[in-house]
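S.K.: Please model the entire structure based on the sequences and the hints provided.
In case you want the letters, here they are:
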Amino acid sequence: MRIKTISRSVDEFTRERSQDLQRVFHNFDPSLRPMEKAVEYQRALTAAKLEKIFARPFVGAMDGHRDGISCMAKNPNYLKGIFSASMDGDIRLWDIATRRTVCQFPGHRGAVRGLTVSTDGNVLVSCGTDCNVRLWSVPRPSLEDSDLSSEKSIEPSAVYTCKNALLAVDHQFEGDLFATAGAQLDIWNHNRSQPVQSFTSGSHSVISVRFNPGEPDILATSSGDNHISIYDIRMSSAARKILMRTKTNSIAWNPMEPMNFTAANEDGNCYSFDGRKNEEAKCVHKDHVSAVMDIDFSPTGREFVTGSYDRSVRIFPYNGGHSREIYHTKRMQRVFCVKYSSDATYVISGSDDTNLRLWKAKASEQLGVILPREQKKHEYNEAVKNRYKHLPEIKRIVRHRHLPKPIYKAKAESRAMNDAKRRKDERRKAHSAPGTVVTESHRTRRIIKEVE
Amino acid sequence: MEVALEDNNLMEKVLPPDEQEINVELEAKEKKYLRGEGANLESLKDKKLKTQLASREKLYGKSAKAAAKIEKWLLPASAGYLETDGLEKTWRIKQTDIAKEVDLLSSKNQYDIVLPDFGPYKLDFTASGRHMLAGGRKGHLALVDMMNMNLIKEIHVRETVRDVAFLHNDQFFAAAQKKYSYIYARDGTELHCLKERGPVARLRFLKNHFLLASVNKIGQLHYQDVTYGDMVASIRTGKGRTDVMEVNPYNGVVALGHSGGTVTMWKPTSQAPLVQMQCHPGPVSAVAFHPNGHLMATSGKERKVKIWDLRKFEEVQTIHGFHAKTLSFSQKGLLAAGTGSFVQILGDSSGGGYSRYMSHPMVKGYQVEKVMFRPYEDVLRIGHSMGWSSVLIPGSGEPNFDSWVANPFETSKQRREKEVHLLLDKLPPETIMLDPSKIGAMRPSRRKEKPTRGEIEAEKEVAIEAAKSVEMKKKTKGRNKPSKRTKKKKELVENAKKTFPELEEKNIAGKKRRIGEDAAAELPTSLKRFARKN
Numbered sequence: 013m014r015i016k017t018i019s020r021s022v023d024e025f026t027r028e029r030s031q032d033l034q035r036v037f038h039n040f041d042p043s044l045r046p047m048e049k050a051v052e053y054q055r056a057l058t059a060a061k062l063e064k065i066f067a068r069p070f071v072g073a074m075d076g077h078r079d080g081i082s083c084m085a086k087n088p089n090y091l092k093g094i095f096s097a098s099m100d101g102d103i104r105l106w107d108i109a110t111r112r113t114v115c116q117f118p119g120h121r122g123a124v125r126g127l128t129v130s131t132d133g134n135v136l137v138s139c140g141t142d143c144n145v146r147l148w149s150v151p152r153p154s155l156e157d158s159d160l161s162s163e164k165s166i167e168p169s170a171v172y173t174c175k176n177a178l179l180a181v182d183h184q185f186e187g188d189l190f191a192t193a194g195a196q197l198d199i200w201n202h203n204r205s206q207p208v209q210s211f212t213s214g215s216h217s218v219i220s221v222r223f224n225p226g227e228p229d230i231l232a233t234s235s236g237d238n239h240i241s242i243y244d245i246r247m248s249s250a251a252r253k254i255l256m257r258t259k260t261n262s263i264a265w266n267p268m269e270p271m272n273f274t275a276a277n278e279d280g281n282c283y284s285f286d287g288r289k290n291e292e293a294k295c296v297h298k299d300h301v302s303a304v305m306d307i308d309f310s311p312t313g314r315e316f317v318t319g320s321y322d323r324s325v326r327i328f329p330y331n332g333g334h335s336r337e338i339y340h341t342k343r344m345q346r347v348f349c350v351k352y353s354s355d356a357t358y359v360i361s362g363s364d365d366t367n368l369r370l371w372k373a374k375a376s377e378q379l380g381v382i383l384p385r386e387q388k389k390h391e392y393n394e395a396v397k398n399r400y401k402h403l404p405e406i407k408r409i410v411r412h413r414h415l416p417k418p419i420y421k422a423k424a425e426s427r428a429m430n431d432a433k434r435r436k437d438e439r440r441k442a443h444s445a446p447g448t449v450v451t452e453s454h455r456t457r458r459i460i461k462e463v464e
Numbered sequence: 015m016e017v018a019l020e021d022n023n024l025m026e027k028v029l030p031p032d033e034q035e036i037n038v039e040l041e042a043k044e045k046k047y048l049r050g051e052g053a054n055l056e057s058l059k060d061k062k063l064k065t066q067l068a069s070r071e072k073l074y075g076k077s078a079k080a081a082a083k084i085e086k087w088l089l090p091a092s093a094g095y096l097e098t099d100g101l102e103k104t105w106r107i108k109q110t111d112i113a114k115e116v117d118l119l120s121s122k123n124q125y126d127i128v129l130p131d132f133g134p135y136k137l138d139f140t141a142s143g144r145h146m147l148a149g150g151r152k153g154h155l156a157l158v159d160m161m162n163m164n165l166i167k168e169i170h171v172r173e174t175v176r177d178v179a180f181l182h183n184d185q186f187f188a189a190a191q192k193k194y195s196y197i198y199a200r201d202g203t204e205l206h207c208l209k210e211r212g213p214v215a216r217l218r219f220l221k222n223h224f225l226l227a228s229v230n231k232i233g234q235l236h237y238q239d240v241t242y243g244d245m246v247a248s249i250r251t252g253k254g255r256t257d258v259m260e261v262n263p264y265n266g267v268v269a270l271g272h273s274g275g276t277v278t279m280w281k282p283t284s285q286a287p288l289v290q291m292q293c294h295p296g297p298v299s300a301v302a303f304h305p306n307g308h309l310m311a312t313s314g315k316e317r318k319v320k321i322w323d324l325r326k327f328e329e330v331q332t333i334h335g336f337h338a339k340t341l342s343f344s345q346k347g348l349l350a351a352g353t354g355s356f357v358q359i360l361g362d363s364s365g366g367g368y369s370r371y372m373s374h375p376m377v378k379g380y381q382v383e384k385v386m387f388r389p390y391e392d393v394l395r396i397g398h399s400m401g402w403s404s405v406l407i408p409g410s411g412e413p414n415f416d417s418w419v420a421n422p423f424e425t426s427k428q429r430r431e432k433e434v435h436l437l438l439d440k441l442p443p444e445t446i447m448l449d450p451s452k453i454g455a456m457r458p459s460r461r462k463e464k465p466t467r468g469e470i471e472a473e474k475e476v477a478i479e480a481a482k483s484v485e486m487k488k489k490t491k492g493r494n495k496p497s498k499r500t501k502k503k504k505e506l507v508e509n510a511k512k513t514f515p516e517l518e519e520k521n522i523a524g525k526k527r528r529i530g531e532d533a534a535a536e537l538p539t540s541l542k543r544f545a546r547k548n
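Heads up: the protein sequence lines correspond to chains E and C, in order.
Quick note on our numbering: the first sequence kicks off at 13 and runs consecutively.
Quick note on our numbering: the second sequence kicks off at 15 and runs consecutively.
It should be emphasised that the hints constitute simulated quantities derived from the structure, not laboratory data.
Idealized CB from N, CA, C, for every residue including glycine.
Treat each hint with caution, since some may be false.
[To be verified] Just a sample of chain C residues kept apart from chain E, beta carbon distances all over 10 Å, derived:
1) 34
2) 41
3) 56
4) 68
5) 293
6) 504
[What the hints assert, rightly or not] With a cut-off of at most 25 Å between alpha-carbon atoms, the simulated PhoX-like pairs for lysine-lysine come out as follows:
7) C:72 x E:401
8) E:294 x C:61
9) C:86 x E:16
M.R.: Listed below in structure tokens is the structure:
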């Protein structure tokens, strides 16, 4: 007879000293965990609800400007710094961590419309309706910055004047050229008082300009005659042009896929294009109910943030048709500029109500140092939520966002209009000879033509 | 592709035989962790979905492999066993023989507690098997820590106690007493008096749902949520009085055994039973569930114990010759049956059905009230009229516990933490259903698939063939003419042909009567909008 029974001595299964960690044992046998699927679903539901509970995206407002914020610029060399400029000619450098002004750059006598920083973070370029381009040397961040008395003023290192009011400026990546947009597109060198190159096209002014992050000589502009143009500054004219039905207010290149860019359009949609293939948009991002004023990509290239005239900020996935998040407050007015922070955790919006607002990019994300166990728990919650995201209860909770009444109404209205239009088109198609009425896809509907 | 195949073959050839054996063993173990078949990717048309699912399946396979390896190499303990040589039979081995062979720690688990005054005793264990609750019929309640054999609390309620049950941990327990049932704390203070349910015969606690289920003297089944005290369901079974009640640990379904020989299964969200099984011709005396939820054992008063497959609701095995007052499955699937003063343990070692494994006769005159295996130990606890006894049954318990599921060595801090997590993971009563894996799965489409034209044609052919090959009866003279016979046969074939077009026409007629979307399909496109939509 051979016999063995389970016998556990207490010493083997408990800790020796009170300083030791408790001993834990695993057995992954599914029969020890009955109803595991139901439990997992329950956890997913709890995770979805907790995400809603912890969704507190608004971190704080930065006030100090005396007029609506017109533009912002990130300092690529310093995570905490952000520059903002207002319609009264005031430029400020903010410390995001303390949410205070570090210094001011006075000098512009009209609205500042463009602001950009060189890639090394040393030179700030501003331009405005007073026909001036001003170059400033950015103060080095130091420990003394945290003083209250840090609100000092700085003189511009150079002032260049041109004939027309300027509407936008952008600095080249890894170079010392910058481009200004106004009645024409000018390319400037830091050290020259005259533009080194100029591009003119038609009688309409250029609204926005953005350099490509991958190819330093390529830039995209949008103009008042509804064109989006891609220029190579080594050539004398635009390389490609897209004619849209409505004006494009701003353009952002995807930093991770630099051939793709997204255009913020006046019709409330954003259009993602492949720069090499412009006859149709890669994706149409719909959700805003009014003109989209500004757009900025996350440094990860997976998401972008948009600010709109409908007083809301939205975050879209780069390949998704609808926004993942909407941010709004009662006090926030028309949003003129938005920026994604360089570490992809914050979003900054500047609006007509003279305030900059700091938001979390993920509304329910936990800030600060996260312990490994906490991190694991967050990951687990994400995973179960993802696993059961198609089930109706979880889907409803995860998707639900509170909308301000005007946006809610406008959305309902536009939905009704779109439905009516779709019905009408269907009927027109049904009553016409087959093939005479072609429904255009959403991706090409707003594009009139593409010019090589 | 071919090169890769060849490579694989080479690899297999290179492996030494014992390693191959290990691989086979690991593959068998993996199956358990894969939790069923993977999705059928072949039938998918969406390429993106296909790749996503394929990568997911790969991940599942990986984790199953890892778990199988952990089970093979890393688990600290192995299961107990009892093996015999030659003519020796396992069921002849007595507890005294076992005591000589096992280590000191195990032999401490063989004892009798003699409490002749308040028996017979009902028993219950916590999930980890650390604490035991004993309830004497005449009012004696005792809470014992099995690790160090400490009597934590002993109270006397001075009235009949019909059943006892632990709630989610050792801090609370419920007792079904003469008139009402009560919930007590670990230190013996009465916390709640549950008056609503009347005089209760059996109490069971559903751990995942925090429901206290009870059946009372008039056959009413009650479910009460112990977290906020709400009566979730009270169901009139309509089958009369019963004191046979068990919970299926796999899905939380409650089974009741009735005096008519039926076993009914219940969930709190429906007033009608999920299943009614006629298990025995006479009264059902005991019911037990295998921990994997697929097997049920029932015992009838006609001296039969039956094993049922709950996936097909079919009888698997009948064991003749004895009836059990109480039945219990161990974690490893041994079945203990107690009757009179005799306890028999059945085992399914070969996979060919339950047969005698061990037996334990007690002193004549002891009446067994309840048998229960202690979780995570090779111990069977027997509650009887003279107290309770503990015997060693090698190979009955799960050797490896999981600290996050049930930890026998739990500290109070861990217990508090666990309680919070249990409450967070508390399941709503709607999740009790016969097949719990349905949660989160797709509902199969209700619509019946229409037979295709080809199928209809084939069916028609078959019907015509059948009509042709019909043997004609020999009729009386004058009616059996060849011309009449051929005519009759032709008629039969015609009839067979007719049934099919007729059916089609009928369908069309039905459609026209509705003028639904199907009717719209036949209209010209411009008129479609006038078709009424249902």
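S.K.: Give a verdict on every hint.
M.R.: Here is how each hint holds up against the structure:
1. At roughly 24 Å, the least C-beta separation between residue 34 of chain C and chain E is larger than 10 Å, which holds for a residue marked as non-interface.
2. Even its closest Cβ contact with chain E, about 16 Å, leaves residue 41 of chain C beyond 10 Å, as expected for a residue assigned away from the interface.
3. Every Cβ of chain E is farther than 10 Å from the Cβ of residue 56 of chain C; the closest lies at roughly 22 Å, confirming the non-interface assignment.
4. With a minimum CB-CB distance of about 16 Å to chain E, residue 68 of chain C clears the 10 Å threshold, and the non-interface call stands.
5. Distance check for residue 293 of chain C against chain E: the nearest CB is about 23 Å away, which clears 10 Å, and the non-interface claim stands.
6. Every Cβ of chain E is farther than 10 Å from the Cβ of residue 504 of chain C; the closest lies at roughly 48 Å, confirming the non-interface assignment.
7. Using a Cα cut-off of 25 Å, the hinted pair residue 72 of chain C and residue 401 of chain E holds, with the two alpha carbons roughly 21 Å apart.
8. A C-alpha spacing of about 19 Å is found between residue 294 of chain E and residue 61 of chain C, which places the hinted pair at or below 25 Å, so the restraint holds.
9. Proximity of residue 86 of chain C to residue 16 of chain E is assessed by CA-CA distance (about 19 Å); at most 25 Å being required, the pair is judged to hold.
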